[in-house]
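Novice: Required output: the full structure, derived from the provided sequences and hints.
Residues per chain are reported as follows:
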Amino acid sequence: MNLISTLIAVTLALATPLIGGLLAGVDRKLTARMQERMGPPLVQPFYDVLKLWGKESMISNRLQPVLAFGYLGFALIAAGLVTFQQDLLLILFMTGIADICLTTAAMNAKSPYSYIGGRREFLAMLSYEPVMLIVYIAIFMVTGSFTVAGIYAYGKPLAMVLPLALIALQFVLVIEMKKSPYDVSGSSHAHQELVRGVFTEFSGYTMALIELGHWAKMATTLMILGLFWAPNPVISAAISLAMFFITLVVDNIYPRLTWQSMLKTTWSVGFILVLLNVVALVIGGVII
Amino acid sequence: MTALVLIGSSIALLGVGEFTYNPGHIYETAVLVLDFALLFYFLYVGVKSKSLPVIVLSLLQLVPVAYFEFVVNGTHVQNIIVVDSLSILLTLIINIIGPIIIIYALSYMDEHEHHLNLKKSTQNRFFFFMILLLSAMNGLAYSNSLYWLYFFWEITTLCCYQLIRHDGTDEAKENSVQALWMGLVGGVGFIGAMFIAYNQVNSIALTDLIAAPEALGLVFALMTLAAFTKAAQFPWHGWLLGAMVAPTPVSALLHSSTMVNAGIYMLLRIAPAIQATPLSSVIALGGALTFAVTAVLAIRQSVSKKILAYSTIGNLGLITLCIGINTALSYTAAVTLLIFHSVAKGLLFMSAGIIENKIGSRNIEDWEGLLGRLPLTTTVMIVGMVSMFLPPFGMLLGKWVAVDALASSPLIIGLPLVLLVVLGSAATTFYYAKWIGYMTVTPNSLEKKKNEELENPYRLSIVGLLALNIVLSVGVTFVINRLVIPVISGAYPIVVSTTGLNIDLDFTSFPVFALWGGTVAVLLIGSWMASSKGGKLASPYMSGANVPGAFSKYRSTAGGEFDVSVSGVFLKSSIDEAALEKLAMIIGVVITVALILVEVI
Amino acid sequence: MTLIQKAQLKSLWVVHYDCGSCNGCDIEILAALTPKFDVERFGIINIGNPKQADVLLVTGPANHRNKEVLLNIYDQMPAPKLVIAIGTCACSGGIFHNCANVLGGIDKVIPVDVYIPGCAVRPEAIVDGVVLALNKLAGIAPVEDEEELQ
Chain A
1 MNLISTLIAV TLALATPLIG GLLAGVDRKL TARMQERMGP PLVQPFYDVL KLWGKESMIS
61 NRLQPVLAFG YLGFALIAAG LVTFQQDLLL ILFMTGIADI CLTTAAMNAK SPYSYIGGRR
121 EFLAMLSYEP VMLIVYIAIF MVTGSFTVAG IYAYGKPLAM VLPLALIALQ FVLVIEMKKS
181 PYDVSGSSHA HQELVRGVFT EFSGYTMALI ELGHWAKMAT TLMILGLFWA PNPVISAAIS
241 LAMFFITLVV DNIYPRLTWQ SMLKTTWSVG FILVLLNVVA LVIGGVII
Chain B
1 MTALVLIGSS IALLGVGEFT YNPGHIYETA VLVLDFALLF YFLYVGVKSK SLPVIVLSLL
61 QLVPVAYFEF VVNGTHVQNI IVVDSLSILL TLIINIIGPI IIIYALSYMD EHEHHLNLKK
121 STQNRFFFFM ILLLSAMNGL AYSNSLYWLY FFWEITTLCC YQLIRHDGTD EAKENSVQAL
181 WMGLVGGVGF IGAMFIAYNQ VNSIALTDLI AAPEALGLVF ALMTLAAFTK AAQFPWHGWL
241 LGAMVAPTPV SALLHSSTMV NAGIYMLLRI APAIQATPLS SVIALGGALT FAVTAVLAIR
301 QSVSKKILAY STIGNLGLIT LCIGINTALS YTAAVTLLIF HSVAKGLLFM SAGIIENKIG
361 SRNIEDWEGL LGRLPLTTTV MIVGMVSMFL PPFGMLLGKW VAVDALASSP LIIGLPLVLL
421 VVLGSAATTF YYAKWIGYMT VTPNSLEKKK NEELENPYRL SIVGLLALNI VLSVGVTFVI
481 NRLVIPVISG AYPIVVSTTG LNIDLDFTSF PVFALWGGTV AVLLIGSWMA SSKGGKLASP
541 YMSGANVPGA FSKYRSTAGG EFDVSVSGVF LKSSIDEAAL EKLAMIIGVV ITVALILVEV
601 I
Chain C
1 MTLIQKAQLK SLWVVHYDCG SCNGCDIEIL AALTPKFDVE RFGIINIGNP KQADVLLVTG
61 PANHRNKEVL LNIYDQMPAP KLVIAIGTCA CSGGIFHNCA NVLGGIDKVI PVDVYIPGCA
121 VRPEAIVDGV VLALNKLAGI APVEDEEELQ
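Residue numbers (our numbering), protein chains in the order written: chain A, 1 to 288; chain B, 1 to 601; chain C, 1 to 150.
If you are wondering where the hints come from, they were derived from the structure by calculation, not from laboratory data.
Cβ coordinates follow ideal geometry from the N, Cα and C atoms, glycine included.
Where hints are given, some of them may not hold.
DSS-like cross-link-like pairs, simulated, lysine-lysine; straight-line CA separation at most 27 Å [to be verified]:
hint: 1; chain 1: A; residue 1: Lys-264; chain 2: B; residue 2: Lys-536
hint: 2; chain 1: C; residue 1: Lys-108; chain 2: C; residue 2: Lys-6
hint: 3; chain 1: A; residue 1: Lys-29; chain 2: C; residue 2: Lys-10
hint: 4; chain 1: C; residue 1: Lys-36; chain 2: B; residue 2: Lys-533
hint: 5; chain 1: B; residue 1: Lys-553; chain 2: C; residue 2: Lys-81
hint: 6; chain 1: B; residue 1: Lys-173; chain 2: B; residue 2: Lys-582
hint: 7; chain 1: C; residue 1: Lys-6; chain 2: B; residue 2: Lys-536
hint: 8; chain 1: C; residue 1: Lys-36; chain 2: A; residue 2: Lys-29
hint: 9; chain 1: A; residue 1: Lys-264; chain 2: B; residue 2: Lys-533
hint: 10; chain 1: B; residue 1: Lys-536; chain 2: C; residue 2: Lys-136
Covered stretches of chain C (in silico footprint by chain A; criterion: 3 or more residues with CB under 8 Å from a CB of chain A, positions within the stretch not fixed) [said to hold, decoys possible]:
hint: 11; segment: 37-50
hint: 12; segment: 89-101
hint: 13; segment: 127-139
Specialist: Below you can see the structure in the form of C-alpha cells.
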C-alpha cells in the first residue's frame with residue numbers, strides 16, 4: 001500500500017471514536033424525536049466525554065485504568081485491521097480482547113453491580129461472537145477469502161448473495177450497541193439497571209476511555225456491515241445507517257429481555273439463517 | 001545439570017537434522033526382557049489392586065507378545081531408530097519443557113511434603129519416575145519399530161500409574177488404577193496392530209507401514225485407539241480428570257506438555273497414511289465433539305486443576321480434529337497448536353500449583369484478589385491464560401489456521417465441525433475470561449498484603465517458560481519455518497509461508513508484527529496514562545450503604561456490617577454436568593466403535 | 001473558558017437521592033425529565049451512579065438513619081460536584097424540622113449549592129434551579145436570586 005492509502009487507513013481507524021460519537025449523538029436526537037421531545041444537540045456525546053475527562057477519577061485498583069485504555073486501544077487496533085483490509089477473524093478476535101479488557105476491569109471492582117454486569121457482558125459475547133464467526137465463514141465460502149480485501153475483490157455485493165446473514169448481523173448489532181431488547185450488561189444512558197451494569201465502577205477519564213472505546217467498536221461493526229455492499233460506498237454507508245436506524249427503532253419499542261432469551265434467540269436465529277443461506281447457495285451453485 | 005544436557009542436546013539435534021540408526025542386537029534383547037518384566041509387573045499390580053480390567057488387559061498383552069516373539073519371531077526390524085523432523089519436534093518439546101517442570105518440582109515437592117507432614121521423603125521415587133518418563137518419551141519419538149514404540153509407550157503408562165499414586169491416598173490409588181487400565185487398552189491396541197501389520201506386510205517398521213498403507217486400515221485404526229487413550233479423548237478422558245489428585249508437577253509434565261503429546265504424536269505420524277479415508281473423518285469427528293463438550297463442561301468447574309484438565313482434553317481434541325481433517329492446512333494447524341499448547345499448558349499448571357501451595361486452596365472462588373497477594377505468580381498465570389485463547393499469541397494463530405482449514409475443507413465435513421469449534425471457542429473464552437476477572441478483583445483492604453516469597457526454582461521455571469512462550473509467539477515465523485514446515489514437507493504440500501514477521505496463507509495473512517506492536521503499544525500507553533493521571537482509590541458503589549473506613553463492607557438494614565462477597569459464574573442452572581458426562585461417554589463409545597468398524601467393513 | 005469547562009456546563013449528569021421525602025418532589029423531578037420539560041436537551045441525564053454524576057439532587061429532610069448514606073453518596077462523587085436541595089424539606093426540614101428523628105435540612109450533613117423551595121417543587125422551578133447551578137459552575141454569581149433566598 002502506498003503512503004496516501006496508508007495515511008487514509010490510519011486516519012480512518014483513529015477517527016472511529018469520533019464517527020461513533022457522532023452516531024451516538026444522532027442516536028440520542030432520533031430517540032428524543034421518536035419520544036416527541038427536543039433532544040440534546042448532535043455533538044452532546046463529545047461534551048459528555050470532555051466533561052468526564054475533566055473530572056476527578058476514582059479507581060478500584062491500579063490495573064483498572066490500564067484495562068480501560070486497553071478497551072479503547074484494542075478497539076482501535078480492530079478498526080485499523082478493517083481499514084487496512086485485513087483478516088476478518090482477526091478483527092473479531094481483537095474486539096474480543098477489547099471486551100475482555102472491559103469485563104476484567106469491571107470485575108476488578110468488588111461491587112455486585114459491576115460484577116453482574118461483567119458476567120452478563122460475557123454472556124453477550126458468548127451470544128454474538130459465534131454468530132459473527134459463522135457469518136465470516138459463510139463469507140469465506142462465497143468469496144474464497146477471509147480478508148476485507150477479498151470482499152472488495154469479489155466484485156458482487158455480498159448483500160445479494162448473503163441477505164440472511166445480514167439479518168443475522170442485525171441481532172449482533174443490537175447486542176453490540178447495547179440496545180434493548182439485549183442491553184443486559186449495561187445500557188446506554190437513560191436506562192438504569194444494576195445501576196450502570198458493567199460501567200458502574202468507572203468514573204472520570206476511565207469512563208471517557210470506555211465511552212470512546214464503545215464508539216470505536218460501534219463504528220467498526222457498522223463498517224463491517226457496510227462491507228455487504230462493497231462496490232458502491234454510498235449504498236454501503238446507506239446499509240450501515242439503515243441497520244443503525246433499525247436498531248434505534250427496535251430499542252425504543254422493546255423492553256429489556258433476559259440473558260437466556262438473548263443467548264437462545266441470537267444463536268438459533270443466527271445459526272438457522274446463515275445455514276439456510278449457505279444451503280440455498282449450495283443448491284444454487286454459487287458455493288461448490 | 002540434567003536440564004542443560006537435555007535442552008542442549010535436543011537443540012543440537014535440531015541442527016543435525018534427520019538420520020537413521022540401527023542399535024545392535026543386544027539392545028533388542030534388552031527391550032524384550034524389560035518388556036516382559038514390565039508386563040509381569042502390570043499383572044502383579046492388577047492382582048494386588050484386585051482390578052479385573054488390569055489383569056485381563058495385562059494378560060491380553062503378555063500372551064500375544066510371547067507368541068509374537070517366540071513363535072512368529074516378528075519383532076526384529078532393520079532400522080529401529082529413525083529420527084525425522086516430527087521426532088525432532090517432539091523431543092524439542094519434551095526436552096525443553098520437561099526439565100523446566102522438573103526444576104519447578106524441586107521446590108514444589110519440598111513444599112508439598114511439608115504440607116503433608118511426611119516423615120520420610122518420597123522424593124527420590126518421584127524424580128526417578130519423572131525422569132524415566134522423559135527418557136521413555138524420547139525413546140518413543142525415535143522408535144521406528146512398532147514393538148519398541150509399544151514398549152516405550154507402556155513405560156509411560158507405568159510412570160503415569162506410579163506418579164498418580166505417589167501420595168498414597170485411597171483416591172490416588174483408585175485413580176492410578178483407572179489410568180493404568182486405560183493405558184493398557186492402548187497397549188492392547190498396539191499388540192493388535194503389530195499382529196495385523198506383520199500378517200499383511202511382514203513388517204512392523206513404521207516407515208514401511210506408512211509408505212504402503214493399503215490393506216493396513218485396521219492397523220491404523222488400532223493405533224488411533226491407542227492414541228485416543230493416551231490423549232484422553234472421549235471416552236478415555238476419565239483418567240486425566242482423575243489424575244488431578246497427583247502433585248502438580250505430574251499434571252504439568254504428564255498431562256499437558258509431554259505424555260499426552262505421545263497420543264498426538266501417534267496421530268501425526270499416521271495421518272499422511274490415512275488421508276481421505278473414513279477413519280480420518282471419524283478421528284476428526286471425535287476430536288471436534290471432545291473439544292466442544294469439554295469446553296462447556298469446563299465452565300461448570302470450580303477446582304482449578306479440573307478446569308485446566310478439561311481445557312487440556314479440549315485442546316487435544318482440537319488438535320485431533322485438525323489431524324483428522326487431514327489437509328495440508330489443517331496438519332499445519334495441528335502442529336502449531338501442539339507446540340503452543342504444550343508451552344502454555346505447562347505454564348498454567350505450574351503457576352496453578354504455586355498458587356495452590358501458597359494459599360492452600362484449589363477452589364477458584366478462593367483465588368479472589370490474587371493479583372494483590374501474589375503478583376508475580378498471578379501475572380504469569382494471567383499471561384498464560386491470555387496466551388491460550390487471545391491474539392497475538394501463537395495458540396490463537398493455530399486456532400486461526402484451524403478455522404481456515406475447516407472452512408476450506410469439503411462442505412459436508414467442514415460445516416458441522418466448524419459449528420462445534422465455534423461453540424468450543426466461545427465456551428473457552430467464557431471460562432478463561434471469568435477466571436482472569438476473578439483473580440484481579442481488588443482485595444478487601446487497600447494495603448497490598450504481599451506474602452509472595454518465591455523460591456528460586458519456582459521463579460526460574462515459571463518466568464523461564466513464560467519467556468519461552470512470549471518469544472515463540474513473537475517469533476512465530478521462526479517456529480513455522482524451522483519447526484512446522486519441516487514436519488509437513490514430504491507428506492503434504494506447503495501452504496503456509498512467511499514474509500518478514502507475518503504468516504501468509506493462500507487467502508489471508510496474520511500480521512504478527514502489527515498485532516504484537518499494537519498490543520505492546522496499547523499496554524505501554526495505558527500504563528503511562530494510568531500512572532500519570534492516576535486516580536483516587538475508591539470503594540465500590542453499594543447504594544450508599546458503605547461502611548466508612550472499610551474498603552468493601554456494607555451496612556445491612558439491621559445495622560450489621562457485612563463483607564461484600566461476589567461469587568463465580570458457573571451457569572449451574574443452564575449446564576447439566578451429569579447429562580453432559582453421560583453424553584461424553586456415549587460419544588466416546590460410538591467413536592471407538594466407529595473407528596474399528598470403518599476399517600473392518 | 002477552556003473546552004473542558006464549556007463541556008462541563010453542557011453536560012450535567014444527575015444522581016438523585018430521596019432522603020425521606022414523601023415522593024412528591026421526586027415525582028416532579030421525574031416530570032422534569034419527561035418530554036414536556038425535557039431537561040435532556042441541556043445534556044442532563046439521570047445517570048443514577050454517583051461515580052459518574054456531577055449533580056446530587058436530594059429531596060426530603062436529613063435524619064439519623066440516612067445521614068451516613070447521604071454523606072457516602074456525596075463522597076463517592078468525583079469533583080467538581082454540586083448539590084441541589086429540592087423541596088422545602090430538603091432546604092430546611094420543612095414542616096418536619098421539629099421531629100425527633102429529623103436533623104433538619106440536608107445542609108446539616110453536606111454542603112448545598114442551590115436551594116429550590118416548594119412543596120412540591122414545580123418542574124419549572126427545578127429547571128430554573130439547575131440553570132442557577134450551571135451559572136454557579138461557570139462562576140457567574142446570580143446576585144439578585146441569592147438575596148431573595150436569604
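Novice: Run the structure past the numbered hints and jot down the numbers of the failing ones, going up.
Specialist: 1, 2, 4, 9, 12 and 13
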